[in-house]
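Participant: Take a look at the letters that make up each chain.
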Amino acid sequence: MPILNYIILSIALFSIGIVGVLTRRNAIIIFMCIELMLNAVNLLLVAFSKMHMNTAFKAGDLAGTAGTDGQIFVFFIMVVAAAEVSVGLAIIVMMYRNIHSVDVNFLNRLKQ
Amino acid sequence: MNNALQIVYLIPLLPLLGFLINGLGRNYLSKTLIGLIGSGSILGSLILSIWVFMQVKDGNTFVAEYFNFIAVDKLVIPFALKIDQLSAVFLLIITGVGFLIHVYSASYMHEEKPGHFGRYFAYLNLFVFSMLLLVMGANLVILFIGWEGVGLCSYLLIGYWFKKQEYNKAANKAFIMNRIGDLAFLIAIFWLIARVGTVSFDELFTAVNLAKLSASDITVITLLLFIGATGKSAQIPLYTWLPDAMAGPTPVSALIHAATMVTAGIYMIARSHVLYSMDAAELTRNIITYTGMATALLAATIALKQNDIKKVLAYSTVSQLGFMFVALGTGEYVAAVFHVMTHAFFKALLFLGSGSVIHAMGGEQDIRNMGGLSKKLRITYVTFFIGCIAIAGIPPFSGFFSKDAILLSAFMKSPVLYAVAVFTALLTAFYMFRLLIITFMGKFRGTDEQAHHLHESPLAMTLPLIILAVLSIVGGLVGIPEVIREGGHKLSAFLAPAVSSMPHEHHLSHSDEYLLMGISTGLVLATILAAFMVYRNYQRKDATGFAKVLENKWYVDELYDRIIVQPLHWLGGFLKDIFDLKVVDGLVNGAGRLVNYGSRQLRLLQSGQVGSYVLLMVLSMVLIFAIQFFLRK
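As given, the protein sequences belong to chains A and B, one line each in that order. Sequential numbering from 843 applies to the first sequence in the working numbering. Sequential numbering from 315 applies to the second sequence in the working numbering.
Because the hints were derived from the structure by calculation, they are not lab data. Since we're looking at a predicted model, the values are computed, not measured. Note that the Cβ used here is the ideal one computed from N, Cα and C, for glycine as well. Be aware that one or more of the hints could be misleading.
What the hints assert, rightly or not - Covered stretches of chain A, as calculated for chain B (at least 3 residues, CB under 8 Å):
#, segment
1, 928 to 934
2, 938 to 949
What the hints assert, rightly or not - If the Cβ cut is set under 10 Å, some of the chain B residues that face chain A in the computed set are:
#, residue
3, Val792
4, Ser921
5, Gly922
6, Gly925
7, Val928
8, Leu929
Build out the structure end to end from the sequences listed, making use of the hints.
Facilitator: Right under this line is the structure:
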């Protein structure tokens with residue numbers, strides 16, 4: 843499959859994520875959209891990694907180490923995302939306990 | 315290193331101790347005690363000075379180093395005192411005349427309140443200390459300390475009666491004008507340090523070190539030193555402070571503004587005569603000569619029409635200092651030092667005499683209100699008369715010999731200079747006898763109360779007058795010209811190891827010298843006669859025409875006011891009202907206001923809307939990417 847398809851899919855996912863973050867007010871949905879963006883990046887990294895590997899293989903590099911950096915990156919992003927989710931969800935729970943809502947527009951009390 | 319002269323530090327130390335005791339104890343000590351301490355400390359210095367003089371006469375000159383005043387890298391300036399023929403002569407003048415004036419002061423200032431009396435003597439002792447340091451310093455830096463010290467004391471004593479605003483102004487004027495000269499002096503010192511690396515006289519004036527100076531260096535340094543001297547010794551263009559300095563008590567005028575401090579400039583140039591004698595300094599020598607001559611002439615013309623007894627003497631001092639500079643400029647350093655000495659005698663005498671007159675008149679200084687004082691003030695009159703003859707230059711009084719030497723040096727330079735110098739000398743004789751006649755002869759023109767009050771001054775005041783009168787008569791005998799008596803110029807012989815005049819290219823024949831002496835003496839006598847004829851029946855009347863210009867001192871003060879003081883005031887006002895208020899304050903306040911305004915506007919971004927934050931974040935990221943994408947090469 844040509845690389846372009848992966849790129850288009852990634853861009854689509856990423857854009858959905860951004861639009862979601864910008865337009866939605868529900869904290870949990872914003873959260874999901876952030877995850878969506880992260881995964882769009884993951885997808886892209888894996889796709890490029892695979893592409894580089896194939897190119898190297900065809901050029902005669904049989905050891906197959908080319909492009910593995912991208913996959914390692916993906917693992918790191920997953921770990922960070924997991925950590926972030928745990929912190930973020932905790933914040934959302936605390937927020938709900940305090941103002942009985944998960945609407946981010948209520949979070950404007952620091953303004954004063 | 316073990317030399318008896320090592321203890322010369324006592325000479326300046328004694329007046330310093332006197333200053334401390336009188337200054338700190340001015341409210342506790344009695345007037346008698348203050349007078350005794352003040353005069354006694356100077357007497358101690360005088361005795362030591364005489365001893366030093368004897369030592370020097372036996373050929374024992376010495377530089378006493380005590381400690382390092384400045385030691386930075388290669389530059390080492392020791393605190394050192396130099397005892398040689400030149401400083402020995404000045405030591406005698408300063409302590410001798412200084413002592414007499416201290417004794418006189420004790421009586422003259424007796425009406426002052428105790429605290430102020432102590433303050434007066436403290437200042438006077440501090441002055442003598444500084445002056446001694448000035449003439450004893452073995453390098454330019456120590457000399458400069460003394461130089462600034464005497465300037466300070468001059469300021470303090472001119473403004474001694476500080477409750478009068480105009481006296482304070484006179485003190486400020488003296489201080490500021492001196493400061494202009496001092497700056498030039500200081501630059502000269504720095505220049506020497508930069509070029510030669512030493513300021514000690516002994517090291518500076520060696521052939522090796524002088525070779526380090528280029529011709530232009532020498533011209534600049536000598537000129538800068540001369541500018542320093544014009545400030546202290548009241549020459550054009552910085553002379554106007556001296557007449558105003560008469561605001562101080564009369565003994566102060568006698569000591570500081572006639573006998574000692576104002577001759578510091580002459581001492582300094584005589585001390586560095588090696589520099590001035592070099593070929594490269596010819597331009598400077600010419601400038602000194604013509605400045606001196608112009609000052610002498612200008613001041614003499616002003617003195618013709620002054621009506622304040624002290625102002626006449628002040629302008630006379632300026633004029634005589636001009637003569638000394640003529641001598642310096644023509645390379646006749648010995649003649650200059652000689653005139654310093656005789657001038658110290660007769661001008662101190664004249665000032666103290668005028669003090670005695672003012673004392674008798676109850677503070678009156680205007681000679682138009684005097685007259686006929688000779689009957690009541692016998693001793694003052696006789697001594698004043700002697701002083702006038704001495705300054706006029708009638709043989710064998712002291713002024714004759716020293717002035718004759720200067721006239722002769724002027725003649726060697728050019729006949730025109732000689733003519734101007736003789737003319738100035740005649741003016742001197744004229745205004746001095748005008749002063750004498752108007753003050754002491756004719757009818758009394760003051761109030762009845764003053765006439766009733768007239769009395770001769772006490773012994774403490776007349777005794778210094780008598781001693782100075784004797785010195786004015788015989789003081790010139792140490793410098794009898796060679797032409798009259800072989801080996802008669804003892805001063806020249808004595809000073810020879812330290813200072814010697816520049817050799818002349820051609821010599822005058824004996825008959826020519828006698829002729830010149832005869833001419834000047836004859837003319838002076840004629841002038842004195844003329845003064846008698848003109849002022850015998852003096853009536854006060856307002857000056858008109860040219861006399862008015864002279865009475866107003868050629869309007870030099872007004873000119874300075876117009877071209878220097880007022881523009882400076884205007885500049886100050888401009889800087890204060892416009893520049894400081896609008897520009898400087900504007901910048902400072904503007905910076906604050908900008909930050910304030912900026913924060914007020916930026917604060918609006920903090921809306922609390924999470925959505926807008928995120929939007930901004932995204933937009934910024936897009937912007938950064940765009941920049942990266944489009945602007946990267």
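Participant: Could you run down the list of hints and mark each one as holding or not?
Facilitator: Each hint tested on the structure:
1. Only residues whose beta carbon comes within less than 8 Å of a beta carbon in chain B count, and the segment 928 to 934 of chain A has 0; fewer than three means the coverage is violated.
2. Under the rule that three or more residues need a Cβ within less than 8 Å of chain B, the assignment of the segment 938 to 949 of chain A holds, with 3 such residues.
3. Among the interface hints, the one on B:Val792 is violated; its C-beta lies about 97 Å from the nearest C-beta in chain A, farther than the 10 Å criterion.
4. Interface hint at B:Ser921: satisfied, since its Cβ lies 7 Å from the closest Cβ of chain A, which is below the 10 Å cut-off.
5. A least Cβ separation of about 3 Å between B:Gly922 and chain A falls short of the 10 Å threshold, and the interface hint therefore holds.
6. Checking B:Gly925 against chain A: minimum C-beta separation of about 6 Å stays under 10 Å; hint holds.
7. Against a cut-off of 10 Å between C-beta atoms, the interface hint on B:Val928 holds, since the closest Cβ of chain A lies about 6 Å away.
8. Hint status for B:Leu929: holds, given a least beta-carbon distance of 6 Å to chain A, under 10 Å.
Going down the numbered hints, you'll see the structure goes against 1 and 3, while the others check out.
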